[in-house]
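Participant: As they're listed, the protein sequences go chains A and B.
Just so you know, the first sequence maps onto residues 1455 to 1583 in our numbering.
Just so you know, the second sequence maps onto residues 14 to 291 in our numbering.
Hints were generated in silico from the structure; no laboratory data involved.
Backbone N, C-alpha and C define an ideal beta-carbon position, used for all residues, glycine too.
Where hints are given, some of them may not hold.
[Stated by the list, open to error] A short, non-exhaustive set of chain B residues, derived as facing chain A with CB atoms under 8 Å: (1) 89; (2) 131; (3) 208; (4) 211; (5) 212; (6) 217; (7) 245; (8) 276; (9) 281.
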Amino acid sequence: MSIDKPYEGIAGTTIFDHDMARQGYHLNQFCMSLMKSDNRERFKADQKAYLDQWSLTEDQKQAVLARDYNQLISLGGNIYFLAKIFSTDGLSFQYAASTMTGMSEQEYKTMMLNGGRQSEYPFPDEKGV
Amino acid sequence: MARISAGVATSHVPAVGAAIDLGKTQDDYWKPLFQGYEYSKQWISENPPDVVFLVYNDHANAFSMDLIPTFAIGCAETFKPADEGWGPRKVPDVSGHPELASHITQSVIQDDFDLTVVNKMDVDHGLTVPLSLMFGQPQSWPCKVIPFAVNVVLYPVPSGLRCYLLGKAIRKAVDSFDRDLNVQIWGTGGMSHQLQGPRAGLINKAFDQSFLDQLIEQPQQLAEMPHLDYIRHGGSEGIELVMWLIMRGALDQNVQVKHRFYHVPASNTAVGHLILEH
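Input sequences plus hints: build the corresponding full structure.
Facilitator: Written out as structure tokens, the structure reads:
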């Protein structure tokens, strides 16, 4: 028997469940370290060296360096933890969100001003997203 | 005796706190949102609570991967605004109500809700933004606050029904506190939003309005809504809305809607707000 995960079928969405959290444990704890100003400075001074102090996989390290948030999420990162990275970069939540959608920041802002990404409700087809 | 006099629901978008702190509330972008809270500030000045039982979630600030309680009650005397990575918000420290918090803890654990007791905790925007929206920018917060943190970050989060029934247990606990206190319960977070992945930016006004309708009229039925529906229709972070059911569970079946407000967008999020009396 395995645990039912019906949310895995929702397109463009990764749910931070316990399996993802296990995979992302060191990545998310690295992110938490950036809440301290000293650590932020050390990270900014030499990102690679700072990352090497953590038990991240090579893929996770590369994704941090590339600021590839979709990839980080697929490797167990959670957005509230990853927020410490883009906050360290001085970038907004809206900017970070836009990078995950394939839109420019301006296109994303305009979409939000126009009422956001539209979702049908109630869903005509329970299986479709 | 203590009594719960009203419930408040509101989103707690961090950018809203930044707009208040940076004096941008009258900017074109933010003005319509803050207008929706003008009534609320007037209402709360006329109905000042002694204590706010404030249901919110921490966003990887007080709780890292070290420790993830499903339900955590703040029993401390004071709570400081958290440094979320760019310095703490310049808002007053939060004064707790350790006696009432301890009483509620003792009561609801005996009603089978196994709370985690927290005696040392910083509080992030999830708690301080609702205070700013309702009270503005005072030198000190005009009431005591009991922070009640719910895990809605690591899935599975508690079910809507669990939250609703917990609200009822909190109501019973407050009602049995032997001091004359006017207590409000606030449920925060939501409404529809998704902050991650290619589907980021999702907003669902129909879902949100339906949620507001049902929260008012048919909370028991709403409490049965499965997690999947929150995520699918309200976005991965829209699942924060289960916290509103804790607030609703603590009120009578029949409530009077004093105020209802809805606005899109605040950064990535749909903002919803209710004031309910009973």
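Participant: Each hint: holds or not?
Facilitator: Quick rundown of the hints versus the structure:
no.: 1; hint: 89; verdict: 20 Å, violated
no.: 2; hint: 131; verdict: 18 Å, violated
no.: 3; hint: 208; verdict: 5 Å, holds
no.: 4; hint: 211; verdict: 4 Å, holds
no.: 5; hint: 212; verdict: 3 Å, holds
no.: 6; hint: 217; verdict: 4 Å, holds
no.: 7; hint: 245; verdict: 6 Å, holds
no.: 8; hint: 276; verdict: 11 Å, violated
no.: 9; hint: 281; verdict: 5 Å, holds
Of the numbered hints given earlier, the model fails hints 1, 2 and 8; all others are met.
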